Amino acid sequence: EPEVTQTPSHQVTQMGQEVILRCVPISNHLYFYWYRQILGQKVEFLVSFYNNEISEKSEIFDDQFSVERPDGSNFTLKIRSTKLEDSAMYFCASSVTRGDTEAFFGQGTRLTVV
Amino acid sequence: ILNVEQSPQSLHVQEGDSTNFTCSFPSSNFYALHWYRWETAKSPEALFVMTLNGDEKKKGRISATLNTKEGYSYLYIKGSQPEDSATYLCAFPWDTDKLIFGTGTRLQVFP
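Chains as they are written, first to last, in the numbering used here: chain A, 1 to 114; chain L, 1 to 111.
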């Protein structure tokens, strides 16, 4: 069964360092997303990506964040200069259409900023 | 402020018990309502995507109903099993694109 894969599963980084979280969405999906969950809080939307551009982003997704789909298969989230409050589980998701079909989620990358 | 609420936050039941949880969401501009099952150390997995008022969907022992006019959905599990232990999330697509999640209901089923 097709699945969304994310690497790495865990990442520990020092404050101020850049991190890149990687995702391989399901191949025939057209919509791609990043969500995150800070421990004890709700899963929250970061950004959606369609047709090689950002379609929507949340207030969290500031200039320190960027997304790319460099080669038609990988979908990456970059945090340029990590802060302690960026520590969270980051989920990649993909879907065939917007909102009215299920999103398929990866297993997440647990990012710890020290 | 767009808010999706779930209750209860956690639930402990005995194997064989039936249980249900609630998700409430804004009733205006309804587009769809998603239910996901999230086991520890795994990815959230879709159970249902519901789009029509009065809709009822079923997958094995799990079923869900939808009332878009009053803005709620119920998820039912009949005859709970230990393997049903997970966090159940509902999510509301906003602007048809991003999902707004509830806090989840953490279910633990004891043998």
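Bear in mind the hints are in silico, worked out from the structure with no lab data behind them. Hints are not guaranteed to be accurate.
Between beta-carbon pairs, the in silico distance windows are [claimed, not checked]:
1. A/Ser66 to L/Tyr31: 27 to 33 Å
2. L/Asn20 to A/Ser55: 33 to 39 Å
3. L/Glu45 to A/Gln41: 37 to 43 Å
Below are the DSS-like pairs computed for lysine-lysine, each with C-alpha atoms no more than 25 Å apart in a straight line [what the hints assert, rightly or not]:
4. A/Lys57 to A/Lys78
5. L/Lys42 to L/Lys78
6. A/Lys83 to A/Lys57
7. A/Lys42 to A/Lys83
8. A/Lys78 to L/Lys59
9. L/Lys42 to A/Lys42
Fair warning: this is a prediction, and the values are worked out from it, not measured in the lab. Glycine included, each C-beta is placed from N, C-alpha and C at the ideal position.
Hints and how they fare:
1. Against the hinted window of 27 to 33 Å, the Cβ-Cβ separation of A/Ser66 and L/Tyr31 comes to about 28 Å, which satisfies the hint.
2. Between L/Asn20 and A/Ser55, the C-beta spacing of about 35 Å keeps the proposed range 33 to 39 Å intact.
3. Judged by the Cβ atoms, the range 37 to 43 Å given for L/Glu45 and A/Gln41 is violated: they are separated by roughly 21 Å.
4. Taking the CA atoms of A/Lys57 and A/Lys78, the gap is near 14 Å; set against the 25 Å cutoff, the hint holds.
5. Distance check on the hinted pair: L/Lys42 and L/Lys78 sit about 23 Å apart at the alpha-carbon level, within 25 Å; holds.
6. Between the alpha carbons of A/Lys83 and A/Lys57 the distance comes to roughly 19 Å, so the proposed pair stays at or under 25 Å and holds.
7. Between A/Lys42 and A/Lys83, the direct Cα distance comes to roughly 19 Å. Compliance with the 25 Å bound is thereby established for this hinted pair.
8. The straight-line distance between the Cα atoms of A/Lys78 and L/Lys59 is roughly 38 Å, outside the 25 Å bound, and the hint therefore fails.
9. Straight-line distance between C-alpha atoms of L/Lys42 and A/Lys42 comes to about 17 Å, which keeps the hinted pair within the 25 Å bound.
Against the hints set out earlier in the document, violations occur for numbers 3 and 8.
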